[in-house]
Amino acid sequence: MSTHDLLGTRTALETGAGISYYYSLSKLADQGYSAIHSLPFSIKVLLESVLRNCDDYVVSREDVKKLATYNAAQPVQEEIPFKPARVILQDFTGVPAVVDLAAMRAAMARMGGDPKKINPICPVDLVIDHSVQVDYFGQSDSFSKNIEKEMERNRERYEFLRWGQQALDNFGVVPPGRGIVHQVNLEYLARGVWSSAEGDDTVAYPDSLVGTDSHTTMINGLGVVGWGVGGIEAEAVMLGQPIYMLIPEVIGFKLTGSLPEGVTATDLTLTITQMLRKKGVVGKFVEFYGSGLSNISLPDRATIANMAPEYGATMGFFPIDAESLRYLSRSGRSADLVSLVEAYSKAQGLFRTDETADPVFTDTLELDMSTVQPSLAGPKRPQDRVPLNQMQETFRSALTSTVATSGFSLSEDKLGNTGVYADQGQEITMKHGDVVIAAITSCTNTSNPSVLLAAGLVAKKAVAKGLKVKPYVKTSLAPGSRVVTEYLDKAGLSPYLNQLGFNLVGYGCTTCIGNSGPLPDAVEKAIKDGDLIAASVLSGNRNFEGRVHQSVKANFLASPPLVVAYALAGTVDIDLVKEALGTDSEGQPVYLKDIWPSNAEIAALLDDALNPELFNQMYNGIAQSNQEWNAIPVTPGDLYAWNDSSTYIQEPPFFVGMAQEPGTIQPINEARVLVKVGDSITTDHISPAGAIKVGTPAAQYLVGNSVQPGDFNSYGSRRGNDRVMTRGTFANVRLKNQMAPGTEGGYTTYLPSNEQMFIYEASEKYQQAGTPLVILAGKEYGTGSSRDWAAKGTFLLGVRAVIAESFERIHRSNLVGMGVLPLQFKEGENPSSLGLDGSEFFSIVVDDQLKPQQMVQVTARKANGESVNFDARCRIDTPVEVDYYRNGGILQTVLRQFMK
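According to my numbering, the sequence shown is numbered sequentially starting from 549.
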């Protein structure tokens, strides 16, 4: 915790639990910054962070001034440091972060230091939710069988995380089978207001976080600032460093009115997603305001906030208000905490009421919630909302529409295609639009009792009417926490969901992230034989083609009760407003309206669903609540015992041979070009996350270590092994490297011999010869996912500088964080205009006097002796980043600080 009060704003606060201190925004406003009172709530949280952490080194008074004088209506491009209160991780992205901590401990020991000093400085929680797959479904033991399979597949990774759980301070692990990271965060981990010791006092400050998952934004529904980041940034925060960010534009979204009868929070969220995508909010904060907020429950807000990545915003923020306090109480938080949240947020001007004056926003838009209709979204993008009454028409249109317009480009002669589902003596003709996956899944909706209870009530009424799910539909229920199944059991609804095949399959992301498991062979055969556009309906947040299942091309997002309805109908090629779902036991047609619950029926069950005893029962002792996890043997010790034969976990070389003191910044001499690319190269081009292609360097490594192609798994699952990930850098099959004309994929030309070869092979040859490497690129280099291995892999290939026309903000930061120099061509200049073909020898003049944003001299010497001299801007943007670069990266900087 900071012990600075450079601006004299530290103030006492009386709470139910005693006296705390806080850094008062009101006192800062009295120093001539009156505009603070009209700032958006989300910006006030950032301001409080820089105010509390102001030390005139990492966080300066100028940073405080930038935010205190910020006018969202006239935004400027200003960078500030932000120090979140905590970090959350999921297992796919969390494993490499813990690997780095383990490697830092090993380096600390080698340098004669105390490895126990390497610990997260702020609280870090890792929730294991990404590994469970739906291998078993539709039966009472599906959950136990899927858990058993998960533990078997992931044992090596879990053994490593078990070591981290016992060896690291400030590091908690929620074991498998307990929930999804964002729902566990909402229901249990988040506090609303955090408090820490500062000397003999307690200091209160807003709960805030970053997470290594894009849907971290779900916590914005509770009034907590947070968003998804890449691994390097998360590790930096864990070790006490700030995140550097541009002060964002803030779009105000005014909500008025209330939802009509029969319309769900999912329908509202899909409507908002469509509106904001159309508006264009990429890289911006969205903050909700207006009288309608008082008509939206906190779980409804969380559903809306969860989909911020889908509408493109950095956050979808709801300020703290009376509903926030009510949710904290009902979800089992202590009375003292709720009292602190109320007292603090009111004292800081962070508490919203219907009488609160509207903040000043960059721009606004408005929705009267009474106009929202029942909706789905699809078939390929979450922003493509489809009103329920237009669903059949939209699907049929998509069949013949072009792929470019989110269609399937079927010719007229293929519209009547059929396949035969044959199983257990029955044959059913399947056609386009038949639903083969119906999944109640994802924290997006399973965090919301109203839509889960609605799904249970639909199931109950359907069973009473004698309706059944079509046999070719793979049904599943994968809630984001154990609270869900408890309240469904308590409401007496679980038997009806089970009877329709919506048995519990696991507590994890499952179908929402593509872990839908295999389809039955009979279904796969029918789809393949008929070349069918099969459909899925899921209560998730993403529906890109190929994500849910590779055989399922049409994917629709919907509320849980609509998921049940479409499982009963068995097809999306139906108008559920006008057509019957099926017939009852007496042969009479049953329509959706006949089994849809009223708001009053749902409300009658809600009080039991949200009660403190239930939440406390489910979350008490959660870290030790999985006996299979507890039984995994863990080798105790401050240092991890690396296993040379492991293909999942290896010690990365980032700290091997590192000296206790950094050297001076040295020029880069006679570097060769490894990769030369054009505009909009994404982090997925640089470090793919998907399948490992047979024959590539990563595949060759795995085969050489006795891993068969069927067990390659993905790059994402092997992020704890630098030997796989370095070989996979620039291995995207769609990469077009201009250094290897006529090729596609991870190839380059090794310039000394003019041979084409894999990029990794050339890198090895260059490094053996002691030749530094550079990358030449166009505009927007490093766009897309904030993937830490895009920078880590670049460094490990021996690249010392990237010269581009422009950089995506996060990747630029990650390059500096790995000790790679980002240089930006002057406006109007690029490799083509300078006559650079990539065959040159590059020398870059940098030394220990390097300053942020200074112009750097670059000389490109051609083989004929001619030289091209040009200046490029150093995109090391702050004094702290110069320190990172001098040390070889963020983690090296922090490691040396710990050594002192």
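No lab work stands behind these hints: they were computed from the structure. Since this is a predicted model, take the numbers as computed values, not measurements. Treat the hints with caution; some may be incorrect.
25 Å max Cα-Cα, derived PhoX-like pairs, lysine-lysine [claimed, not checked]:
| no. | residue 1 | residue 2 |
| --- | --- | --- |
| 1 | Lys962 | Lys832 |
| 2 | Lys1126 | Lys1016 |
| 3 | Lys664 | Lys1374 |
| 4 | Lys827 | Lys979 |
| 5 | Lys979 | Lys1016 |
| 6 | Lys575 | Lys614 |
| 7 | Lys664 | Lys697 |
| 8 | Lys613 | Lys665 |
| 9 | Lys832 | Lys614 |
| 10 | Lys1399 | Lys1410 |
| 11 | Lys613 | Lys1101 |
| 12 | Lys894 | Lys1016 |
| 13 | Lys827 | Lys802 |
| 14 | Lys962 | Lys1101 |
| 15 | Lys613 | Lys1076 |
| 16 | Lys1101 | Lys1141 |
| 17 | Lys614 | Lys631 |
| 18 | Lys1013 | Lys1141 |
| 19 | Lys827 | Lys1327 |
| 20 | Lys1284 | Lys614 |
| 21 | Lys802 | Lys664 |
| 22 | Lys1038 | Lys1013 |
| 23 | Lys1126 | Lys979 |
Structure-based check of each hint:
Between Lys962 and Lys832 the alpha-carbon distance is near 44 Å, which puts this suggested pair outside the 25 Å criterion. A hinted pair counts as satisfied when its Cα atoms are at most 25 Å apart, and Lys1126 with Lys1016 qualifies at roughly 19 Å. Restraint check for Lys664 and Lys1374: not satisfied, since their Cα atoms lie roughly 46 Å apart, outside the 25 Å limit. A hinted pair counts as satisfied when its Cα atoms are at most 25 Å apart, and Lys827 with Lys979 does not qualify at roughly 37 Å.
Simply put, Lys979 and Lys1016 have alpha-carbon atoms about 19 Å apart, close enough for the 25 Å limit, and the pair holds. Taking the CA atoms of Lys575 and Lys614, the gap is near 17 Å; set against the 25 Å cutoff, the hint holds. Among the hinted pairs, Lys664 with Lys697 is inconsistent with the structure: their alpha-carbon atoms are about 34 Å apart, more than 25 Å. Between the alpha carbons of Lys613 and Lys665 the distance comes to roughly 34 Å, so the proposed pair goes past 25 Å and is violated.
A hinted pair counts as satisfied when its Cα atoms are at most 25 Å apart, and Lys832 with Lys614 qualifies at roughly 17 Å. Of the pairs offered as hints, the one joining Lys1399 and Lys1410 is violated, with about 29 Å between alpha carbons and a cut-off of 25 Å exceeded. With a C-alpha separation of about 51 Å, the suggested pairing of Lys613 with Lys1101 is violated against the 25 Å cut-off. Between Lys894 and Lys1016 the CA atoms are separated by roughly 52 Å; this puts the pair beyond 25 Å, and the hint is violated.
Proposed proximity of Lys827 and Lys802 is supported: the alpha carbons are some 14 Å apart, at most 25 Å. A C-alpha spacing of about 15 Å is found between Lys962 and Lys1101, which places the hinted pair at or below 25 Å, so the restraint holds. Note on Lys613 and Lys1076: the hinted pairing is violated, with a Cα-Cα distance of about 62 Å set against a maximum of 25 Å. This hinted pair does not check out: Lys1101 and Lys1141 have alpha carbons roughly 29 Å apart, beyond 25 Å.
Between Lys614 and Lys631, the direct Cα distance comes to roughly 16 Å. Compliance with the 25 Å bound is thereby established for this hinted pair. For the suggested pair Lys1013 and Lys1141, the alpha carbons sit about 13 Å apart, so the restraint of at most 25 Å is met. With a C-alpha separation of about 24 Å, the suggested pairing of Lys827 with Lys1327 holds against the 25 Å cut-off. Taking the CA atoms of Lys1284 and Lys614, the gap is near 41 Å; set against the 25 Å cutoff, the hint is violated.
Annotation: proposed proximity of Lys802 to Lys664 is violated, straight-line Cα distance about 49 Å (limit 25 Å). About 22 Å separates the Cα atoms of Lys1038 and Lys1013, which keeps this hinted pair within 25 Å; it holds. For the given pair, Lys1126 sits about 20 Å from Lys979 by alpha-carbon distance, which is consistent with the 25 Å threshold.
Hint violations for this structure: numbers 1, 3, 4, 7, 8, 10, 11, 12, 15, 16, 20, 21, all remaining hints satisfied.
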